[in-house]
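Engineer: Protein chains in written order, with our numbering: chain P, 1 to 183; chain Y, 184 to 526.
Some clues are possibly wrong.
Below, a list of computed lysine to aspartate or glutamate pairs in the EDC-like style, where the Cα atoms sit at most 20 Å apart [claimed, not checked]:
{"hint": "1", "chain 1": "P", "residue 1": "Lys24", "chain 2": "Y", "residue 2": "Asp257"}
{"hint": "2", "chain 1": "Y", "residue 1": "Lys258", "chain 2": "Y", "residue 2": "Asp325"}
{"hint": "3", "chain 1": "P", "residue 1": "Lys24", "chain 2": "Y", "residue 2": "Glu408"}
{"hint": "4", "chain 1": "Y", "residue 1": "Lys327", "chain 2": "Y", "residue 2": "Asp223"}
{"hint": "5", "chain 1": "P", "residue 1": "Lys163", "chain 2": "Y", "residue 2": "Glu408"}
Calculated directly from the structure, the hints in this document are not laboratory data.
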Amino acid sequence: METAIFLIFAALALGSALMVVTHKSPVYATMSLVVTLFSLAVMFVLLGAPFIGALQVLVYAGAIVVLFLFVLMLLNISKEEHQQEGQTVHRWVALLGAGAFVGLVVPLLYRATQPRNAGALTEQFVSIREFARDLFTRYLLQFEIVGLLLLVAVVAATVVARKPPAAPSGAPGADSPVSEVEP
Amino acid sequence: MQFELLATAAKMALMLGIFILGVAPIMLWVERRMSAFMQDRPGPNRLGPLGLVQGVADAVKFMFKEDVTPAGADKPLYLMAPALALIPALSTYVVIPFGPDLTVSGKTIPLIVSTGGAGVLIFLALSSLGVYSLITAGYASDNKFSLLGGIRAAAQLISYELALTVAVLAALIPAGSFYLPDVVAYQQKHVWMVIPQAIGFLVFLIAMFAETNRLPFDLPEAESELIAGFHTEYGAMRFATFFMGEYISMTALSMLCVTLYFGGWTLPWVHLTGWLGAIVGLAALFGKVSLFMLFYVWVRWTFPRFRYDQLMRLGWKVLLPLAILNLLAVAVATLAGWFPGVG
Numbered sequence: 001m002e003t004a005i006f007l008i009f010a011a012l013a014l015g016s017a018l019m020v021v022t023h024k025s026p027v028y029a030t031m032s033l034v035v036t037l038f039s040l041a042v043m044f045v046l047l048g049a050p051f052i053g054a055l056q057v058l059v060y061a062g063a064i065v066v067l068f069l070f071v072l073m074l075l076n077i078s079k080e081e082h083q084q085e086g087q088t089v090h091r092w093v094a095l096l097g098a099g100a101f102v103g104l105v106v107p108l109l110y111r112a113t114q115p116r117n118a119g120a121l122t123e124q125f126v127s128i129r130e131f132a133r134d135l136f137t138r139y140l141l142q143f144e145i146v147g148l149l150l151l152v153a154v155v156a157a158t159v160v161a162r163k164p165p166a167a168p169s170g171a172p173g174a175d176s177p178v179s180e181v182e183p
Numbered sequence: 184m185q186f187e188l189l190a191t192a193a194k195m196a197l198m199l200g201i202f203i204l205g206v207a208p209i210m211l212w213v214e215r216r217m218s219a220f221m222q223d224r225p226g227p228n229r230l231g232p233l234g235l236v237q238g239v240a241d242a243v244k245f246m247f248k249e250d251v252t253p254a255g256a257d258k259p260l261y262l263m264a265p266a267l268a269l270i271p272a273l274s275t276y277v278v279i280p281f282g283p284d285l286t287v288s289g290k291t292i293p294l295i296v297s298t299g300g301a302g303v304l305i306f307l308a309l310s311s312l313g314v315y316s317l318i319t320a321g322y323a324s325d326n327k328f329s330l331l332g333g334i335r336a337a338a339q340l341i342s343y344e345l346a347l348t349v350a351v352l353a354a355l356i357p358a359g360s361f362y363l364p365d366v367v368a369y370q371q372k373h374v375w376m377v378i379p380q381a382i383g384f385l386v387f388l389i390a391m392f393a394e395t396n397r398l399p400f401d402l403p404e405a406e407s408e409l410i411a412g413f414h415t416e417y418g419a420m421r422f423a424t425f426f427m428g429e430y431i432s433m434t435a436l437s438m439l440c441v442t443l444y445f446g447g448w449t450l451p452w453v454h455l456t457g458w459l460g461a462i463v464g465l466a467a468l469f470g471k472v473s474l475f476m477l478f479y480v481w482v483r484w485t486f487p488r489f490r491y492d493q494l495m496r497l498g499w500k501v502l503l504p505l506a507i508l509n510l511l512a513v514a515v516a517t518l519a520g521w522f523p524g525v526g
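In isolation and in its complexed conformation, chain P is listed as follows (with noise of 0.2 Å):
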């Protein structure tokens, strides 16, 4: 059954993300990704590691695609609009990019089946509280780099998005420092 399983969703997987290249309409791209995200996180949750599947559909799915979507609703962008015929320079920067993924994938691809490296999943390994401890302890440092990223840009965004404030006259107007973002 958990084979059954497996190819329905991988099926899926590979379907819907082909949507959300290919598709033109960047409402129905939207959705299919949500499709993709859902069934990746099937997968984690084959691989008993139901916590990544759970924080998978919670985060990706349930939130920072709704921002897209939100995004797309608000600028209310059209079917088919968008649809620029690409630049050469475009094509040739996705070109490298995609040369860039793929020569990130092929070596951890190759990893993964050498038999040394592939490990038989441990109760230990899936169970949130080592993960946790795992998170808090030996990778604490990481952890806190991504934590001010994220904190980085929350502010940057902030910074773009605000209006200039209502100037007094002679005051300096958009530019000024970050320091006076509403409490």
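Here the structure of chain P is known, so what remains is to put chain Y in place on it, guided by the hints.
Structural biologist: Structure of chain Y alone, referenced to chain P:
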């Protein structure tokens, strides 16, 4: 294997039958009669004793009504949206425990559908998908009021989901587990979580109303400004499906609330096991959930609707900081050993 599959199917059928499918027609009646009572008028009282059969008549009417799709609608998404409202709401109940372990022919059956360790996270993950139905309905209807409703829904649900999740996390800390039967066991042994975590409960309660789009937070469908918001263009059974989805997610969130803060299926000072325990447990859970459902109706017909900026301000500037403070306080208290039974 066969036995376990059968048991799981039986548990699912039980939960679906009692809490999920029974709830929509009953709630429809309760809501109308109770609102009528609060407004000093009779309400629907013609069909059957006390008008109880009115819901059936309405369902039949919805099924036979013509199903109209607007000409400009984005058809696949338009048709999909009501189903998207129902599916996540129908699946969240799998992590709610509803009784003590049963022993049937030498095998122990825990009275919860999913025994996976991620527990309440599964609930949160699935319920966070419910917002897609509102967004797609708003987008696909080709109606500016629907679109506004959909946008509002997206912003509102994301804002309040944060506060809700943080409140839930705080409630899990003393029990030290994501698995809800552990949380219930902790409460039965020590104290209902609502007493030490009254603030967390308050945040959860308010966020619960916002998450289900119920008054005073029904901004996505505010009839006085958006006609009916995201479901303006829906009629017949599709409209009824949105309604069912709303009632079912109300039930699901009430179940989570009862399980986290009010001891779930347990009753204080009552320790029953076996079949009797299972029946009493189910009845207790049903009773507690019913109280919350009545509370939903009571609030709906008591409070006026929030303004949109008030809603966002409440979510981000009051509830979220309150939830985070509560989380910190609970974490510190747990580390200091102020919660009973935590070592």
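Engineer: Of the hints given before, which are not true for this structure?
Structural biologist: 3, 4 and 5
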